[in-house]
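As you go down the protein sequences, you meet chains A and B in turn. Numbering-wise (the numbering used here), the first sequence opens with residue 199 and increments by one. Numbering-wise (the numbering used here), the second sequence opens with residue 99 and increments by one.
These are computed hints drawn from the structure, not numbers from a lab. These figures come from a predicted structure and were not determined experimentally. All residues carry an ideal CB built from backbone N, CA and C; glycine is no exception.
Using C-beta positions, here's what the derived DEER-type ranges look like: (1) B/434 / A/378: 26 to 34 Å; (2) A/361 / B/344: 32 to 40 Å; (3) A/379 / B/433: 26 to 34 Å; (4) B/351 / A/338: 39 to 47 Å; (5) A/361 / B/425: 40 to 48 Å.
Below, a list of computed lysine-lysine pairs in the DSBU-like style, where the Cα atoms sit at most 35 Å apart: (6) A/353 / B/332; (7) A/292 / B/414; (8) A/361 / B/414; (9) A/380 / A/292; (10) B/326 / A/263; (11) A/380 / A/446; (12) A/263 / A/219; (13) A/263 / B/332; (14) A/349 / B/332; (15) A/353 / A/319; (16) B/332 / A/245; (17) A/424 / A/379; (18) A/292 / B/332; (19) A/433 / A/451; (20) A/292 / B/326; (21) A/219 / B/326; (22) A/380 / A/433.
Covered stretches of chain B, as calculated for chain A (at least 3 residues, CB under 8 Å): (23) 277-288; (24) 322-336; (25) 370-378.
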Amino acid sequence: MSAAEKKWKALIVDDEELARKLLREMLSSHPEIEIAAECGNGMEAVKAAAEHKPDLLFLDVQMPKLTGFDVLELIEREGVAVIFVTAYDQYAMKAFDVHAVDYLLKPFSRERFEAALERAKSQGPKRALDASELSAAARPAGQFAERIVVKDGTKVTLIPVSKLDYAEALDDYVSLASEGKKHLKQQTISGLEMALDPALFVRIHRSYVVNLERVARIEPYGKDSKVAILTNGVKLPVSRAGFTRLKKLLDEKA
Amino acid sequence: MDRASIGKTAWLALVTAGLLFALILGTLLVTSWGMNWRAAVALAVPMSALAQGIAWAARFTCRSNPLGRKEGWRIALTHIVAGMVLDSLWVATGRALAQSIDSGLGMTNTYKQYVALQSHLYGVGFSYYLLAVAFHYMLFAQQESQAAQERALESTMRAREAELSALKAQINPHFLYNSLNSISALTSIDPARARDMCVALADFLRLTLGMGEKAVIPLCDELALLDKYCAIEKVRFGDRLTLQEDVTEETKECLLPPLLLQPLFENAVVHGIAQMPEGGWIRLQAARNGDRLSVTVENSWDPEAGGSRKNGVGLKNVQRRLEARYGNQAQLQANAEDNVFRVRLQFPAETETSK
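Only chain A is shown next, with the shape it has when bound in the complex (with noise of 0.2 Å):
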């Protein structure tokens, strides 16, 4: 089947009724795109990626709860390609073009929108965006996350990084731990932890990254390793790097 004949489920995600009404009735002119849901905000476009696996998503980035950020961290993203639409947003602007992702500025023309729907249906969906990496980018420098949005099935958990005390990894995932509860999220620790403020969380593991705050003591463990034991009674190994740079941030705060 040639990229012509082939039928495009989109989805399309905005907070605003008009702003959807706008996308839709410009793909109105498209038969070959099937607007398979329109969707009000984040949680519902999870949802409704995991129940339509759409081929086109035109996503808003300022949304309620879930920014478009949120979404696309969320939802699977191979075979999926991203239009983001977006009011004037200067940090955002510029990782959509460090990062190569199609975007949309409101208002746009019907020009630019159809150069933009031509281009991501030729050269269809491109390498899975690393959605972690996109947001990252989209933070002014010295601004990191505050919270974390995780997927448990088909609910959508928010952990505030107050609220976490570490993580680990697990091969492609890291495991969360909050409030006495796991969560698991397709991202790589290194990417988490670049998410995470430097002066809050401290990577003391290979495979570990623990909230400062929430670490009690720290013993000897055998020879020449040592363990960090937190607030919760809960042991985490300590590596030698690791150990330096927890040392050296709590002598910061000292």
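Starting from the structure of chain A, add chain B where the hints point.
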């Protein structure tokens, strides 16, 4: 004159005074008191230098006894005591000098002559100290008034700056672009509403730009602007935005800096309503309590959605503008509780007639 040049003036005065002092003292010693001119020069030059030291020392006694901050008699007493001590030191040094001139230059009566006119010299030294005191007080007063001028200038500048950045903040690019996008959508869906929105946006811009030039406007003008703003935002948010107004009639004529409340509404929309999928409300209350006006802007707020905005740029700006106009007569309180974000402003109630 800036501070550095005042310091330079003091130095210049000191050197000039030193030369003049030496000249006058030397002339007096020779002509009036019949001293040998060589002895007179040998005596007058070092004594003049010393007198300048005393004049400089007066700077410190003046600085530690600023006029108007202590009782007059205390200051006078301090200066009399200091003057007498320094004066006696000065005369005593002169006496020792006279003695060494006798032995050094092989003269015989310099010391005798010196002792004879010692009482005159006491007078000269003491008067010179008092002169220096007067000079330093004058200099300090000049510095003080200059610093006051600088402070006044700086505070006007700061007020002006706050004013400007407040104006710049009003026309938030996000607000503009989003509104234009709504218009773009409406042009085909509902052309009549698109036209209404264009007009509302134009009205809002016109009011915003027009108000910026005034120092104060009546509350009813600000309310008219807020109406336009909310009408525009309602097109964007539809049912998600509800408004409540509880403004007493007597407050409508009260004056306030223009565009003081609009940023609070914008905050309420951006950080409150826009963060809640189901939407929320904004409530404006204004009441007059005697000579105080109190205005409260509240909105529903989801603590989990966004961080607290207590330290936001918008709020700081409002605070600065209140301070610029009312000084410590104005208060701004911002707090968040039970999913409500509340900003309360209190400031003196002025009207066009009471002003």
